[in-house]
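Please construct the entire structure, taking both the sequences and the accompanying hints into account.
For what it's worth, full-length UniProt numbering labels the leading residue of the sequence shown as 1, then goes sequentially.
Heads up, some of the hints might be wrong.
Restricting the straight-line Cα-Cα distance to at most 30 Å, the calculated cross-link-like pairs of lysine-lysine (DSS-like) are [to be verified]:
(1) LYS63 to LYS36
(2) LYS64 to LYS21
(3) LYS36 to LYS64
(4) LYS34 to LYS21
(5) LYS34 to LYS64
(6) LYS63 to LYS3
(7) LYS43 to LYS3
(8) LYS64 to LYS78
(9) LYS43 to LYS64
(10) LYS96 to LYS63
(11) LYS43 to LYS63
(12) LYS96 to LYS64
(13) LYS36 to LYS21
(14) LYS64 to LYS3
(15) LYS78 to LYS63
(16) LYS43 to LYS21
(17) LYS78 to LYS96
(18) LYS34 to LYS63
(19) LYS21 to LYS63
(20) LYS78 to LYS21
Treat the hints as calculated values from the structure; they're not laboratory data.
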Amino acid sequence: MKKHVPWTLEERIMLASICGKDDALMADASGVHKHKTRQERFKWISVRMRGENFFRISEDCRKKWNSMRDIVALIRDKCERSGSAGYFNMTTEERKEREVCTTFERPLWDAMEWWRLKASATCDNTLASKELGGSGFGQGCEGGCTDALDGGAKTRRTSSGRARSEATTSNVGMTTAMADSTTKLCDGLDRASSALARATAESAAMV
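Take a look at the structure:
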């Protein structure tokens, strides 16, 4: 029977950071990484984890990332909406009342900011997650997102029978949203690196 080894905070922060890098590479239309399958991408993530001296197989990385993502999505939906005090301003009892994880660490929350911003942008701009780089992570979005921009493009048939888009304004809006999302992703990755550095320093200080 395989022995279960709990993930340390440093491992989880590193996983979040590497998944963010994978997502950024997937958004590069000209990159080789974009053609990797989901399985190949988690193998890539596992290799990068080993490079940081965290030894986890690709399947473990996949399961842990999905778990982290689901926990953060639930916290965001139940504790971070307008009018809420915010997860890290709530007591343990208040977190229990909302039926969310009561011990989620702030450094990991910060490290996953890139994913939270991306998921939020997906909802706010009513874009399918595949439109934001096709990450394969966190497909779908709570809140009933649609697969297209509001006021979607009208199409007409040309003489050759091919459909052409007449929604120039929508295309401009989508381009702007993509650029904004990319900027936020870079900011989120920077915060992930900072969170990892803080966690590593705190761990060293405790030894």
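Okay, the hints, checked on the actual structure:
no.: 1; hint: LYS63 to LYS36; verdict: holds (19 Å)
no.: 2; hint: LYS64 to LYS21; verdict: holds (17 Å)
no.: 3; hint: LYS36 to LYS64; verdict: holds (20 Å)
no.: 4; hint: LYS34 to LYS21; verdict: holds (12 Å)
no.: 5; hint: LYS34 to LYS64; verdict: holds (22 Å)
no.: 6; hint: LYS63 to LYS3; verdict: holds (16 Å)
no.: 7; hint: LYS43 to LYS3; verdict: holds (21 Å)
no.: 8; hint: LYS64 to LYS78; verdict: holds (21 Å)
no.: 9; hint: LYS43 to LYS64; verdict: holds (14 Å)
no.: 10; hint: LYS96 to LYS63; verdict: holds (24 Å)
no.: 11; hint: LYS43 to LYS63; verdict: holds (13 Å)
no.: 12; hint: LYS96 to LYS64; verdict: holds (22 Å)
no.: 13; hint: LYS36 to LYS21; verdict: holds (14 Å)
no.: 14; hint: LYS64 to LYS3; verdict: holds (16 Å)
no.: 15; hint: LYS78 to LYS63; verdict: holds (23 Å)
no.: 16; hint: LYS43 to LYS21; verdict: holds (14 Å)
no.: 17; hint: LYS78 to LYS96; verdict: holds (11 Å)
no.: 18; hint: LYS34 to LYS63; verdict: holds (21 Å)
no.: 19; hint: LYS21 to LYS63; verdict: holds (18 Å)
no.: 20; hint: LYS78 to LYS21; verdict: holds (28 Å)
No hint from the list above goes unmet by this structure.
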